[in-house]
Structures are given as structure tokens and as C-alpha cells.
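Residue numbers (our numbering), protein chains in the order written: chain A, -2 to 322; chain B, 79 to 369; chain C, 968 to 1220.
Don't read these hints as lab results, they were simulated from the structure. Any given hint could turn out to be false.
[As the list claims (entries may be wrong)] Okay, derived cross-link-like pairs now, EDC-like style, lysine to aspartate or glutamate, Cα gap no bigger than 16 angstroms in a straight line:
| hint | chain 1 | residue 1 | chain 2 | residue 2 |
| --- | --- | --- | --- | --- |
| 1 | A | Lys181 | C | Asp1089 |
| 2 | A | Lys192 | C | Asp989 |
| 3 | C | Lys975 | C | Asp989 |
| 4 | C | Lys1164 | C | Glu1134 |
| 5 | C | Lys1059 | C | Glu998 |
| 6 | C | Lys1207 | C | Glu1195 |
| 7 | C | Lys1031 | C | Glu998 |
| 8 | C | Lys1164 | C | Glu1148 |
| 9 | C | Lys975 | C | Glu1060 |
| 10 | A | Lys106 | B | Asp115 |
| 11 | A | Lys231 | A | Asp135 |
| 12 | B | Lys192 | A | Asp281 |
[As the list claims (entries may be wrong)] Simulated restraints on C-beta separations:
| hint | chain 1 | residue 1 | chain 2 | residue 2 | range |
| --- | --- | --- | --- | --- | --- |
| 13 | A | Asn237 | C | Arg1076 | 41 to 49 angstroms |
| 14 | A | Ser(-1) | C | Ser1106 | 17 to 25 angstroms |
| 15 | A | Gly133 | B | Gly299 | 18 to 26 angstroms |
| 16 | B | His169 | C | Gly1007 | 29 to 37 angstroms |
| 17 | A | Phe297 | B | Gly299 | 25 to 33 angstroms |
| 18 | B | Met273 | A | Phe5 | 35 to 43 angstroms |
[What the hints assert, rightly or not] Coverage of chain B stretches by chain A, computed from C-beta distances (three or more under 8 angstroms per stretch; other residues unrestricted):
| hint | stretch |
| --- | --- |
| 19 | 108 to 118 |
| 20 | 161 to 168 |
| 21 | 181 to 187 |
| 22 | 306 to 320 |
| 23 | 334 to 348 |
| 24 | 353 to 362 |
Glycine included, C-beta positions come from ideal geometry on N, C-alpha and C.
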Amino acid sequence: MSPAVKTFFILLVLVLAALFPLVMGKFHTYLLTEVMIYAILTVSYYLLLGHTGLLSFGHAAYFGIGGYVTAFCFLYAPSIPLPVAFLLAAASGLVSGLIIGAMLLRLTKIYFSFATLAFGQMLWAIAWKWRSVTGGDDGLTGWSARKVAVPLLGSFSLGNVTFLYYLVFAVAIVSIFLCWYFTKTALGNTLASIKSNPIRANFLGINIGLAKLMLFGFTGLIAGVSGSLFILFKKMASPNFLDLFTSFDVVVMSVIGGYTNLLGSMIGAFVYVYLVEYLSSFTDRWQLIMGIFFVLLILFYPGGMAGMLRQFSKRVGFVKGDRAP
Amino acid sequence: MESQLNMVPVLFLHGLVYGMLIFLVASGLTLVLGMMDILNFAHASIYMIGAFICYQIVQWSHSFCLALLIAPVACAFLGILIYRGFIRKVHASGHVNELLLTFGLAMVIMEVIKWIYGTTPLPVSVPALLTGSLQLWSDVKYPVYRLFILLLSGTVLAFMFYLLKKTRLGIAIRACVQDGEMASALGTNVSLIFMTVMGIGAWLAGIAGVIVAPYLSVYSGMFADMIMDCFAVVAVGGLGSLGGAFLASILVGQIQSFGVIFLPRVSIVLIYLLMVLVFTLKPSGLFGKKE
Amino acid sequence: MIPVLRLKGVAKNFGRFVVIDDVNLEVFEGERHALIGPNGAGKSTLFNLITGRYSLTKGVIDFKEKRIDGHPPYKINRLGIARSFQIINIFKEMTVYENVRNAIVAARRCSLQFTRRLASMDGVRRETEYILDRINLTSFRNEPASTLGYGQQRALEIGLTIAQDPELVLLDEPGAGLTPEETKEIIKLIREVTAQKTLLIVEHDMDVVFNLADRISVLNRGRIVATETPEEIKRNKVVKEAYLGGFFDEKAG
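Model the full assembly from the supplied sequences, consistent with the hints where possible.
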């Protein structure tokens, strides 16, 4: 696919997304907002798993931390403007990514996955038990009607579904672009080489530990931003946002869309949110169906939907590759 | 404070009982991990299935003994089935996919169980022979059933120890855990050994599931509770090391037992702290293979 | 003359198993030094010790008079020592161009750069294309490395090793598995790319050894039993015993 065609498609999607709330009703606008928030999260996860080959089961930790930090801002320092709260969430994601990352550096493969699970669980347990700060099981609330001032356009309430949509949309464009750009830098390439052959990378003079640390910091940052948007969206902060089910959701979304692919991660978020929405309206057993779907994908289509799309495009001729008969 | 000190021997026994249960499940997990680098999330699911099969058999036949005989064997078959039907298919497409698959299977199994049995705990009564408490020493009484758990798991473990140290099968297994390629080059049928280990591991997990049923009752959350303790044991003890897993199981059992009483607010975090400590200081675990 | 690389009393045990036992070796600047010996003598282990993959049990390794033992591989590489691998160790999923580029980016110390797009770094591109040209793989630049023929993969393996312009080049059986024609090509390539450098090469193929080496050291059972010129080595009785017959008779003779 030539760059021109790619750019065209991207612009098309952006325009459609921008027009979305004006055409579709509140319900779909609400759903798509959730999709975009998860898309930011899964794209940050793609940098870990798809790009560098690190299977983390604790990614929700940074998501949750970003959310809580934003909640703290709203509740204990309400005069802080929203952009600053975002930045603080991003910073908290960055810092926790670096701290936890530093402890994960020497671990590979299975040990790494274990450890991420352990850290995620530990943070969840802290959030759950530390009622005085996090509200424990009940969580934190109180900003559902908070007003946000936008220069030149006036002031909007967080309860305004359309406003929230455009806010998330704007942040999503920036975050996802940054993640994409990250993969194009020398650091991004270094991480890909670490995925491909860590031993050779080491012998070529690459400081693998430092490269990974920078990765952890960056993905933590983006995940923190996503978490920040999430608590705006849900109007609450809860320890559940840090638990292993949320971390597992990130993995499931990535696999559905195709975890080796940045676009796949976004598709995964989209498919997951809509699938859950429609399945749960049919049956209580939607988690079982998702689980079976997940297992079938791994067995037969580990490339996920992005992989299927790629195969389809090859057949039809959009993408250079062997034309299937 | 007096009464708390008095509790120490009892708590120690609790920790031992729970530790043995964890070890029954974790032993299979760590061997499979050491041999083939496969982290089988579904292993803890087999433990849970064992418990539910026990429940079902007791419902039908009122015989705990029957459950103890049948359920573990069923679990062994299930373990081998999971390997042949699922894991082997995905082995070629890499580590990450393997992990994701076993994880997905575990989730599906948990959902199926929730579907059939719901989420409320189901009781299994302690067999008549084993009810009541035994006077151990001055004013320390301990439930007979839990002593039975200790006795049974001790026997099973002694048998395992004998198997591994004194039989040819055991030597082959240990060789495969140490260095699968080498063992294969020396003529061992690694694939067969591996299936045997999966079967034995699943059998042990099934036993654990059966004996835990009267102790902690049977519920769909068993998987989640056991998996984290199992992971802690395998991580702390070292991948592939049974001795390490044993020591770690005792340790984890004691932490859970004493933690709940003496440090109730942080007990839940203690296991994770332990894991974090091990990861930072000695990533390969106490006795694990160095990469 | 001061040796570029010096091993003094180097020993390595794995548990009770002694692989390297009191090795003393000096390699001088600009020298082409071959390391030969029966299988299992410990040649690859020695490379791993020099390049920091394994830690020494005993002894000292100096590079340009400074101790390097105890450093991790990436630090030793940055000092100017590069190695190739006996079993081809390239970035299989990446293209040939990307393979070489990895080496260049690391050599230019910008492997952690995150503000610029890699594609826009012209210096990197130029150096990569230069190396591709030297190893004659320019026409394969966009092919995934795994699709290359074995001989070409060997060339790429050497390419990765010299791409960073190291002072000391360690080649571990660069000719393994090559046909006689391919071996001639590889010898030619090695000569060209190691022209101004110091070379330490492990090889079984005596054609390669006698063609390239200024001096040869023989490693047997973890010890260096002889260090001499090729002519002297051919006549050396101790060396002949080490091979228990057959080794020299086959090839150069």
C-alpha cells in the first residue's frame, strides 16, 4: 500500500471520527469514547508486547495510577485546571513505569510475566486496602459535573457526552501518534532488535536494560493518560481499574485485534467494546463466549483481526504479497 | 498477647497444611515449566476441576473415598488432553502465544464452572471417619481432617520423591528438566516423558482439589486464589526445582497463615512483596536455573 | 610490543567441570591470530570469556593494557571488540539492511535516541549502505535475513561484526558449513575487512587457517599447548599428538 493511499485512509478515518457524534446518537458516541480510551491503552501495550515482545499481565497498574492521580487532583485540589491534571497523570504513569520497570529489568519471558502480575496485584491490593486515601472498595467519586474551560469555546461539563468525546478524541490523536512515532525512532528500532535477537543486540553494544527502562517509562506515561481519561469517562476511580481483570482485558483486546500490529491494537479495542456491549445484552454468559473466542483466535488466527485483514488485502491486491489463487 | 502466642503452634500447622496443598499443585507446574518453558495457567484450573468433580461424586455416591480415587485420575487425563489438544498446537508459534493460550483456557474453564455451578461456595462434608479434633499437647486441639491432609500429602510427596530419585522414570524426568536437548540426544523420548509429567502433575493437582474440598469448600474463585500462591511458590523456589518449590510452599503457607492473624491489613500484599523481593535479589529463584 | 589482547592465567569452571585451565595468550596489533584445537577444547568458551558473556573463574584479560574481565558484553563491544558467532546469530525477522543498520546505530551511540525518526538519519544510512557494499549484499538489502542462502548469511554475520569498525575482531568459525567455493569467498572477504585490524579467529578448516594466519595457537583440554607460526605448527609433535592423528593429514599437510 503506497504512503499516499495510507495517508488517505488515515485522514478518512479521522474525518469520519470527527463527524461521528453529529451523526450518531448519544449511545454510540458514548461507546466510541470508551473505545478511544481503550485504544490509547492498547496502543501503549502494543509497544510492550507487539513491538518488544514483553508479555505483561500488569499493565492496568499504570492505567489505574493515572486515574487515581487525576481523581486526587479533582478532589483535593479542584482549582487545578484539567490539562495540568492530565500532565500529572502522565507524570505519575511515567514515574511508576520507571520504578516498576527498574525492578523488571533483569527478568525475561516467563519471569517477566509473573513479575508484572505480581506488581499489578500488589498495587491493586494497596488500592483496595488503603481506604483512607483511595476510598477502598467504594472508590472515589465527585467530579461528574465538573466544568472544563476551553479557550474561545466556553465552558463544558464533563457530563456532556459530546464534549467528552471530542476531548478524548483530541488526546487520543496525540497519544497514538506519539506511540507510532516512538516505533520509528532509533529507540523503537533498538527495542525491535531486542525482540528479534537480544543476545546479538547486547554484543553489538546496546544497553538493553536502559532501552527497556525507557520503554517502561513511556508506556507507563501513555497508559496513565488513558487512565486519566477513563476516570473522567466513568466519573469514578476504583481499585478495579488496577486489577488483573483489567490487565487481562488489555491482553484480550490486543489479541483480538492482532497484538503484533499497532493498528490491530486499536481494532481490538473497538471490537472488544462493541462485542461486550452486544453480547451482554443477549446473554449473561458473555465472558464465556469471549473466552472461547479468545482461545480460538490464538489457536487459528494469532494474528487477530489485523492479520485477517492483511490476508484479505493480499488476496485482493491492496497490499504487496503473494496473490492467493 | 498470651492467647496470640498460644496460637503459634496451631498457626504453624495451618501454614503447613496450606503449604502442602500449594505444593501438590505447584510441583506439577514447576516441573512442566522447567522442562518446556510452558507456564500452564490452566494447571490451577485442573486443581479447581478436581475439587468440583469431588463435589459431584460426593453428591452422587456420598463416598469421599470414591472421589479421592476417581477425581485425580480424571484430572490426569484432562491434563494430558490439554497438552495434546491445545498446547502442542501452539508451541510452534512461540512463547507468547503459548502463555496466552493457557491463560485463555484457564479463563474459559473458570467461566464454564461458573455457568454450571454458580459462584456460591459449595460445601463438601468431611468424611465421617475424619471428623473431630485431636488433642496434640496441652490445650492444643487440632482438627483430624487437617492432620489427614498432612498425612496424605506427606505420603504422596514421599512417593514422588522415591519416584524421582530411585526410579528410571524419575531419572529421565530430572534429566529432561535439567537439559531437554541433551536428554533427547541421549535417547530419552522427551515427548513421552513430558506427557507423563503433565499427567502426574495434573494427578497431583487433582488430589489437592479433592482434599481441599472439605477444608475450604468448593467455589469458582479457587482458581484465582491458588494461581497467585502457585506463582509465588514457583517464582520464589525457582523454575524446575522441586526442592525449591517445597521450601517455598512451606514459606508461603506460613506467610498466609501468620499474616492473616498478625498483620491483617497488609497480609494480602505480603505474598507479592515476597515475589518482588525475590525478583529484585535473585531473579531465577532460590534454586532455579540461571539463564 | 604491547599486546592488544592479553589473557593471563585465565580459567573457567562450570561447577566442577573445568573448561579452560590456565590459558595465557597474547595477540599483537595488526596480527592475524588463529586459534585451533580439537572439539570441546574450549575455543568458543574462550571467546565468551573475552567478550564478557561468561565470567572468569580465575585470571585476567587485558585489552590495550586495561582490564576488561567482569564487564558486560555491551560495554566490551563499545571498547572496540566485536565478535561473530559459530552458529549464525543474525536478526532473522529483519531485513539485511536493518540488520546492518542495527550495528551502525549502536556504533554511533544513538541506539536510545527517541526524538528523530531513524529513517531521517543520513549518516546512519550512508554507513549502512557502505557496509552492505563491502559484504556484497547490497542487492539483498530489502530481503528478510532468514531468506538468505547460508553463504550469504555467513557474510552478513561477518558484516555485523565489522560494521562497527572494531579494533579487535573475533571470528568464531566463520567458514563453518561452507562449500569450497564459498570458503574461498569468505577468506577473501575476511582479508579485506580485517585489513587494518587485529584478528583472532577460531577455525577448524585448515585451508582458512593456513591461508590467513600470521600465528596459530593450539588449544587442547583448556590449555594453550603451542603458539607458533604456521610452518612451525606443522612440524610440532605436541600439536600432532593433540589431534591424535588425522587432523593435519586431511588438508594442508
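* Looking back at the hints listed earlier, which ones does the structure fail to meet? -> Violated hints: 2, 5, 8, 9 and 18; rest satisfied.
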